[in-house]
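Student: Sequence:
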Amino acid sequence: MYQRIRNLREDKDMTQTQMAEYLQCSQRIYSNYERGDVDIPTTILIKLADFHQTSTDYLLNRTNQKTAYPKN
Numbered sequence: 034m035y036q037r038i039r040n041l042r043e044d045k046d047m048t049q050t051q052m053a054e055y056l057q058c059s060q061r062i063y064s065n066y067e068r069g070d071v072d073i074p075t076t077i078l079i080k081l082a083d084f085h086q087t088s089t090d091y092l093l094n095r096t097n098q099k100t101a102y103p104k105n
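If you read the sequence shown in the working numbering, its first letter stands for residue 34, the second for the next number, and so on.
One or more of the hints may lead you astray.
[Unchecked claim] Below, computed lysine-lysine pairings styled on DSSO-like, alpha-carbon distance capped at 30 Å:
(1) K80 <-> K99
(2) K45 <-> K80
(3) K104 <-> K45
Please keep in mind that the hints were generated in silico from the structure rather than gathered at the bench.
Assemble the whole structure, with the sequences as input and the hints as a guide.
Tutor: Below is the structure:
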């Protein structure tokens with residue numbers, strides 16, 4: 034899971050600091066998310082999925098389908 038989050042960030046040529054600003058957390062906390070040192074809160078996971086236009090299932094390695102679910 035953590036590698037996917039890092040890969041998606043790097044695909045957009047973003048730094049950890051930029052991603053942390055979007056998520057309204059510190060760079061250190063975001064770095065901990067990418068390394069798997071701390072569990073990612075649900076609200077942050079949803080923000081990441083929305084930002085990267087994918088599903089939380091993709092971020093959690095529950096599927097390899099990268100496209101997001103349609104919104105109701």
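Student: Indicate, hint by hint, whether the structure satisfies it.
Tutor: Status of each hint after checking the structure:
no.	hint	result
1	K80 <-> K99	15 Å, holds
2	K45 <-> K80	15 Å, holds
3	K104 <-> K45	23 Å, holds
Violated hints: none; the structure is consistent with every hint.
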